[in-house]
Amino acid sequence: MMTKEHHGYLDMDLLRFTTAGSVDDGKSTLIGRLLYDSRAIFDDQMEAVEQASSKRGNGDVDLSLLTDGLRAEREQGITIDVAYRYFATPKRKFIIADTPGHIQYTRNMVTGASTANLAIILVDARKGIQEQTNRHAFIASLLGIPHVVFCINKMDLVDYDEAVFQKIKSDLEDFSSKLEARDLNFIPISALKGDNVVHRSTKMDWYQGSTLMYLLENIHIAGDLNHIDRRLPVQHVIRPMTDEWHDFRGFAGQISGGIFRKGETVQVLPSGFQSTIKSIHIGEHEVEEAFAPQSIVVTLNDEIDISRGDMLVSPNNLPQSSQDIDVMLCWLNDRPLQPNGKYTVKHTTREARCMVKEVTYKMDINSLRRYEEDRTIGMNDIGRVLLRTTVPLHFDNYARNRHTGSLILIDEATNETVAAGMIV
Amino acid sequence: MHSYRLTHLKELESESMHILREVASQFDNPALLFSGGKDSILCFHLARKAFFPAKVPFPLLHVDTGHNFSETIEFRDKLVEKYGAKLMVGSVQKSIDEGKVQEETGFHASRNKLQINTLLEAIESNKIDCAIGGARRDEEKARAKERVFSHRDEFGQWDPKNQRAELWNLYNGRKRPGEHFRAFPISNWTEMDVWQYILLENIEIPNIYFSHEREVFERDGVLYANSPFMHLKPTEKPFMKRVRFRTIGDMSCTGAVDSPASTLEEIIAEVASTRTTERGSRMDDKRSEAAMEDRKKEGYF
Ligand SMILES: Nc1nc2c(ncn2[C@@H]2O[C@H](COP(=O)(O)OP(=O)(O)O)[C@@H](O)[C@H]2O)c(=O)[nH]1
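If you're matching them up, the sequences are chains A and B in order.
So the mapping is simple: the working numbering equals the position in the first sequence, first residue as 1, plus 87.
So the mapping is simple: the working numbering equals the position in the second sequence, first residue as 1, plus 761.
Derived by calculation from the structure, the hints in this document are not laboratory data.
Quick reminder that beta carbons are idealized off the backbone N, C-alpha and C, glycines included.
Heads up, some of the hints might be wrong.
Unchecked claim - Per label pair, the in silico range of CB-to-CB distance: (1) A:M328 - B:E1027: 40 to 46 Å; (2) A:Y458 - B:Y765: 39 to 45 Å; (3) B:S1023 - A:T363: 46 to 52 Å; (4) A:I190 - B:G827: 48 to 54 Å.
Claimed, not checked - Covered stretches of chain A (chain B as the covering partner; in silico rule of three or more C-beta atoms under 8 Å from a C-beta of chain B): (5) 177-186; (6) 284-292; (7) 319-327; (8) 496-505.
As the list claims (entries may be wrong) - If we take Cβ atoms under 7 Å as the criterion, some of the chain A residues that face chain B in the derived model are: (9) Y171; (10) L229; (11) M415; (12) L455; (13) Y458; (14) S493.
Next up, chain B with everything else stripped away, as it sits in the complex:
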């Protein structure tokens, strides 16, 4: 007899498809936050599955810090073309030029924090009532408590003390005018689940996830890609190295890992044996123990 049992990846897939369909049904104008990183690529893949043979019924929204890896942008544009998706871009550079935010200065300057403003502006000007994000609860302690449907007040803020109860697979997306939601369809996936699923489903990802030769420099024990956006201290000397990226964010705060892994299988083996979290290579979270929580309250993904 057939055993009616799903593997963990198929059960997660099914849960995520259910959440994406709830979003499409409960909101008038949702958008998928798309960074070009593997988690947002996964969300898009799951959305294609959820609505097939119809097209994904919402646009992609990219908050562009202007400090992207060029590979990410190429990948984004190819994907949009291949699937006929609609792309909206919110530009941090534009927010800076318009004087809405101020560029950080100094060696640790990053545009990561500035994204919040641009994101909230894009949400407001496009009247987006639900921004779908690829955040996972295993990434960071503050995320461990976030709901799948996460309510934001009219200032875009998250109140961790006053979250709605979320039970079974029933999601409450009711809101007042001016308020909006974030929805996190891959909340229950871990980094390992994501990689295994990418392999299982043969999902295309930007090539900078795989080992490649690149000019890097070292700062505080972390390797960073050398780029025009980085201000090197006199003691920091760029050199060539085989590296890959475990996450893809703003170039100014995404560390590279010294890795020979050039296939998905090798990445999975590497993830299985690494002893630091993905976010361990991101400068933005290191600032303080509660760094992520602070940024989330203000409206970070």
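Chain A with its partners taken away, still in its complex shape:
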């Protein structure tokens, strides 16, 4: 017999979050605790961790060992890449992008942040705001993460003192006012002892807010996506050419914004032609309407030449179209940005070539100061850059739409992804 429990998953949604913190702030312990207390750790994994702990001669079972991956990293005892972890509660499935906190890993943080709905930033209660805390908050805001949760950790080491928490909270609020931060949350926790992580602390009666897990499970994320500006980057043209589907010509893509409804008018970019939507398909099913981030196939009532890299949009609400692109770039590669260099740019499903016209300034991501004297952009640097593309891109500001507002640069000699760009 089917119980309600078995059907519960039909009502779960998905939250992606990143975790950032300075070394030893307790990030791995916190993730280990979330996984452990939500029963996402299996016995054989726990056994492996117990074995590894005893091999290292650690007295206790080190929950942080659950979360570090490759052998070299295990040997060095640090996380150096982005690792993805999964757990679920009856309400939500969670994907954690676990990234290291050092300045030399800014690129990893940016990568993890690019798909996140929420960022957890750890602060050691004994130390308060560090240079790194500012950097993590800045990256979260630059990458447009809609929700930020500051976890003031190791409260057990400051006698669960409210004054310590309030001081750090107000410092963080001061700093964050300089950022385009959206939804900020502050929680006093002890990752080691478990206070306010999954279970409410009995040691901090003065704190009335929610536990971290409650917040992760209940924070409203449906509003994070853009359901206003209709955008469908065309990924693939579907032409079955079978008897049954002889004249079928469908345009496949993942919706990056707005709602697509049967019968409504769309405009094709760059050609500018208009038509109305004849049908919308998701697999074998036809639907009346579809929204971001659904992957759909659209057919139109007129025969228009459309190919990969084009975009279907609402004629009353066009994106910007230009060959001059003003971006905040985060550099991801050992080889620094070449002034006047040429790169391949990937934006939605469109590919073009581009030239770096100008580096406007470089950002000191610890102090948030802009440097106009030093404009070399190397690994992990962030700078404001003007690009000139060979063909127009159709884009929105990153702050308005993370999908039509983002791009990557590819080095044409090595094929590596060398930069991530947020269109200003």
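Based on the hints, put chain B with the ligand in the right spot on chain A.
What follows is chain B with the ligand alone, placed relative to chain A:
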């Protein structure tokens, strides 16, 4: 008012369809690695959705160890026929016969490692530039860091230290001649997600996933199906038992679980309450803590 919100399964589905369409658009000659296990069946199902009403625009590639469950092969052939898919088979037995690899010996002999060679050969001889695999990041620590588009050098090797950055839903599949890619469209799915989705979408899977009566024997605390490929020690006595398989791989290294679960609902309930990972019943990963990572670097899926 309608709330524009997707469930986690529909969001994962949409992401996977996007990835499969990127593969079809960015590569000339991709192929879907098909083992007959639930993850590769899921990938095929998602590919059918991604390209409907057109056919899946790439062939299936089965690396056949010769030590298959017969149920898997029957299932594979039925599926290929039903959907008119194209099937290519790379044979480990052939690699052994041609002297390209040597069969392991002893009680723990497995053809799992030999697959790498056959796979790379099949990729080369069929000029496959992207092999789509059903690996998931939740399976094992080493997989947790693998990109969705995973670059391989001309020797088919993976360099975990030198992976390309992967941001938003932008995937970079550029490569030099001779290099190829692996793409993992269900990277973000967990074992539980897969089972829930199979139930939701009513996807057919081989019957050995469900509880059935079978002759097994016990080795190192794990139950294995008795078959001509297994060399039993004198102390190991086969017996009949109700079991099912949580993963389907080479018969010589896939352990069975003692389970009465005979419907998808029962399997889901079982997965929700089990305390070991799927791979816990696979001998190949137990060899060392870093076993998977070593095999991956050499070109394992
Ligand atoms: N007392 C106390 N120690 C903690 C807490 N969280 C983490 N630690 C300890 O701080 C050290 C660093 O933690 P770890 O999780 O490895 O930090 P990471 O470098 O941020 O991943 C370890 O010895 C932890 O046991 C906490 O809430 N209270």
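Given L455 of chain A was flagged as interface, is its beta-carbon under 7 Å from a beta-carbon of chain B? Status violated, d = 22 Å.
So does S1023 of chain B sit 46 to 52 Å from T363 of chain A, Cβ to Cβ? Check passed, 50 Å falls within 46 to 52 Å.
Would you say the C-beta atoms of Y458 of chain A and Y765 of chain B sit inside 39 to 45 Å of each other? Given about 42 Å between the Cβ atoms, the range holds.
For I190 of chain A and G827 of chain B, compare the CB-CB distance with the range 48 to 54 Å and indicate the outcome. Given a distance of about 52 Å, which is inside 48 to 54 Å, the answer is holds.
Minimum Cβ distance from Y171 of chain A to chain B below 7 Å? Hint on Y171 of chain A: holds, closest Cβ of chain B at ~5 Å, below 7 Å.
Under the criterion of a CB-CB separation shorter than 7 Å, is M415 of chain A in contact with chain B as hinted? violated (13 Å)
Taking 7 Å as the limit, does the beta-carbon of Y458 of chain A come near enough to a beta-carbon in chain B? Hint violated; Y458 of chain A Cβ to chain B Cβ min 24 Å, cut 7 Å.
Under 8 Å between beta-carbons, do enough residues of the stretch 496-505 of chain A, three at least, approach chain B for the coverage claim to hold? Three-residue rule met by the stretch 496-505 of chain A, so holds; n is 4.
Check whether three or more residues of the stretch 177-186 of chain A sit with their beta carbon closer than 8 Å to a beta carbon of chain B. holds (count 3)
Within 40 to 46 Å or not, the Cβ separation of M328 of chain A and E1027 of chain B? holds (43 Å)
Does the CB of S493 of chain A sit less than 7 Å away from some CB of chain B? Hint on S493 of chain A: holds, closest Cβ of chain B at ~5 Å, below 7 Å.
Are there three or more residues in the stretch 319-327 of chain A whose C-beta lies closer than 8 Å to some C-beta of chain B? holds (count 5)
In summary, the numbered hints that this structure violates are 6, 10, 11, 12, 13.
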